[in-house]
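Participant: In case you want the letters, here they are:
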Amino acid sequence: MDTLIQAVPLNWYLFLSSFLFCIGVMGVLFRRNAIVILMCIELMLNSVNLLLVAFSSYSGNSDGQIFVFFIMVVAAAEVAVGLALLVSIYRNTGSTDIDFLNKLKW
Amino acid sequence: MTDKHKTVEESLDQIRTTTFLGLLIPLLPLLGFLVNGFLGKYLPKSVIGWIGSLSVLGSFICTLILFRQAGPTDAIQIDLFSWIALGSIDISFGLTIDALTLIMLMVVTGIGFLIHLYSIGYMHADEGFTRFFVYLNLFIFFMLLLVMGSNLLMMFIGWEGVGLCSYLLIGFWFKNPSYNDAAQKAFVMNRIGDLGFLLGMFFILFHFGTLDFSTIEQMAPSLVADNGLLIAITMLLFIGATGKSAQIPLYTWLPDAMAGPTPVSALIHAATMVTAGIYMIVRTNVLFAMAPFTLAVILWIGVATSVVAAIIGLKQNDIKKVLAYSTVSQLGLMFAALGLGAFSSGIFHLVTHAFFKALLFLGAGSVIHALHGQQDIRWMGGLKKLIPITYITFIIASLAISGFPLLSGFFSKDEILAHAFQQNLPVWIILSLSSLLTAFYMFRLVYLTFFNDFRGTEETRSHIHESPWTMTVPLIILCVLSVLGGLMGLPVVFHANHWLNTWLADVTAPAAAILHQGHHISHTMEVILMSVAGIGAILSILYARHVYLTRRSVPESDEAMSGWGKVIYQKFYVDELYDRWIVAPAFKLAEWLGNVFDKHVVDRVVTLTAGFLDASGRTLRVFQSGNTGSYVFAMVLGIVVLFIIRLLI
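Residue numbers (numbering that gives the first Met the number 0), protein chains in the order written: chain D, 0 to 105; chain H, 0 to 648.
It is worth saying that the hints were derived from the structure and are not from the lab.
On a predicted model such as this, the values are computed, not experimentally measured, just so you know.
The beta carbon of each residue, even a glycine, is placed where N, CA and C say it ideally should be.
It is possible that some hints are incorrect.
Using C-beta positions, here's what the derived DEER-type ranges look like [what the hints assert, rightly or not]:
1. H:L619 <-> D:P8: 42 to 50 Å
2. D:W11 <-> H:V640: 25 to 33 Å
3. H:I638 <-> D:E77: 16 to 24 Å
4. H:I643 <-> D:W11: 47 to 55 Å
5. D:W11 <-> H:S615: 20 to 28 Å
6. H:V604 <-> D:F66: 53 to 61 Å
7. D:I34 <-> H:V639: 46 to 54 Å
8. D:M38 <-> H:V639: 17 to 25 Å
9. H:V639 <-> D:D62: 44 to 52 Å
10. H:F611 <-> D:P8: 26 to 34 Å
11. D:E77 <-> H:L619: 41 to 49 Å
12. H:S615 <-> D:L9: 45 to 53 Å
13. H:G616 <-> D:V86: 30 to 38 Å
Take the sequences, apply the hints, and build the full model.
Facilitator: Structure below.
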């Protein structure tokens, strides 16, 4: 039985996920605003989530889809922590530019 | 209860008593050591001296009780616990008391007690009085362990322990640097010998799988006579013996050891510790009997030591140095006896020598005590009237060591000479010569010390006094023993059975079975030999009398010496040779290692290691920029590379 997910061929999911993931990587690499970097990381995470759901559906095993919910919950918590850190960094340095955060070296 | 039960009970009781007594023998001096060592500072001097002495007397009494009960074939075995158990090796912490051990115990505790008693008087004014008795008791404990140990390792504990005490007591007056040097010399030279002993022990353990004397004795016949391993074992053990018993080439420490207080010289460096090598060889006689090569080496080393030391003794002017070389010479004689396979004769001479040499040293101590530290015989003379007890006992001891007929030394020496005559004529000639020299230098000492006029200052003379009773009583007892000591080994000629030979027969049986000593020399021959030796000794004494009493010659001062006299006085320059060829190269090597090898090799390795770590750190820190972006970039790059590799493979 075809589900809604299977209305789209699997390859397309692969392409979309890879594309989103690459955007995320590029964003992490080239942007200097910490908030944007955090968002890009979320993008990478969710592209993988998407792929997981697609594979799960095509293989007829719903474990993957349930697993994604857990990942989302954890990701939400992680974002909360990440944002809290950012707030704290902003309070200390007056900026969210990660190039200011270069004290951690020998 | 039946009779049978009763006898079993009784014999069990008997065993318990003997075990108890056997344990008490080493424990009493140990107790004395602990009490004096830890509580000594709270006790008055008199108490300390008596604790030390009486603890040894207690051991002596225990020994006497055991001696009365024991027969020559009995061996009391006390296994306290299994000490080292590794695989098939099981070394127990055990003590054995058999005929040979009993003889040694009597010597060690008996003479030990007398010397402790003597020390109460001799050391009374010394600030290290307590320390002295602590060391002395510790020495007795280790010496007892040495002679009672039932295996080689136990013996080795005692062996090292007495070496330690010897070191401590030679350097007793540690404020004098030359005394410290003497102590160190003794210790280091003993280490050389100890290494031999240790290696010999390893070889025995390797071959027999045990260090137990009785087991070795049983297993020894499994070895082929004179094979390489056996020669290695016996030679290594003999090297150990040359170190402890001051034989060529390791004898030079003993004369220097005279730096210690005189009772120490008497106890450790004349009567007991230096005879440990002889005891060890007799204890393992079966191994030595199976290695004729080693026996020959022992014989010739003994003979050479005996005569060389006697020659050096002729020219020494320090009263203790003369006695020290005399000890070396007599020990050489004992080793010669062992080399001839006459093990019980060696022990016989060991015992009589312990009597008269301890007496000579104590007598010398009494002289030194009277003269307030003067040891040079050129500044003595005429002491006969001033210290009569010392004089009489000293002269009797000198007669005994010279082999004056019917005194103890006469019989023991004669027995060795008879064995030499029977087996090896050149050895007999050399040993007889060395006995003549002994008689001469001993009486040179006697005449210079006690006869003619006093040569020291008037002030010293006015202070000369006989020693207190604690010092003279041991002299008198030892004097009696020196006279009568020969009774334990009266030769068959005198229609007595040789008690000591019979007593030790069981101990020396394994060697006797192997060596098959041939026919005994005829009684006539034996009497002739005795007469020759006796007359020779008397003539030698008379010659010394002629030179030093009638002609009143006094050894020249150090500067006036020349020619051979000087060479002999300087002990053939052996110390200098050792310094030049062994000590100096060793120092050079150490210096080279310290200044060159350490600096250019060891240090360089260390600095290179540090330099490498430093350089790699400097290189790697470039990557640790702190810039988050570059970290992420490196990470992504890495992942991409991993992907590519994954795809390609």
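Participant: If a hint holds in the structure, say so; if it does not, say that too.
Facilitator: Hints, verified against the model:
1. Checking the proposed 42 to 50 Å range against L619 of chain H and P8 of chain D shows it holds: the Cβ atoms sit about 48 Å from each other.
2. The hint said 25 to 33 Å for the Cβ distance between W11 of chain D and V640 of chain H, and at roughly 28 Å that hint holds.
3. Between I638 of chain H and E77 of chain D the Cβ separation comes to about 20 Å, which falls inside the hinted range of 16 to 24 Å.
4. Separation of I643 of chain H from W11 of chain D is about 25 Å and departs from the stated range, judged on CB atoms against 47 to 55 Å.
5. Range check, W11 of chain D to S615 of chain H: Cβ separation about 49 Å, and the 20 to 28 Å hint is violated.
6. Checked against the hint of 53 to 61 Å, the C-beta distance between V604 of chain H and F66 of chain D comes to roughly 56 Å, which is consistent with it.
7. Checked against the hint of 46 to 54 Å, the pair I34 of chain D and V639 of chain H fails, with Cβ atoms roughly 26 Å apart.
8. One distance hint, 17 to 25 Å for the beta-carbon pair M38 of chain D and V639 of chain H, holds here, with the actual separation near 22 Å.
9. Distance hint check: the CB atoms of V639 of chain H and D62 of chain D are about 30 Å apart, inconsistent with the given range 44 to 52 Å.
10. Distance hint for F611 of chain H and P8 of chain D: a CB-CB separation of about 58 Å, inconsistent with the stated range 26 to 34 Å.
11. Distance hint for E77 of chain D and L619 of chain H: a CB-CB separation of about 31 Å, inconsistent with the stated range 41 to 49 Å.
12. With their beta carbons about 48 Å apart, S615 of chain H and L9 of chain D fall inside the hinted range of 45 to 53 Å.
13. For G616 of chain H and V86 of chain D, the Cβ-Cβ distance of about 36 Å falls inside the hinted range of 30 to 38 Å, so the restraint holds.
The structure is inconsistent with the numbered hints 4, 5, 7, 9, 10, 11, although it conforms to all the rest.
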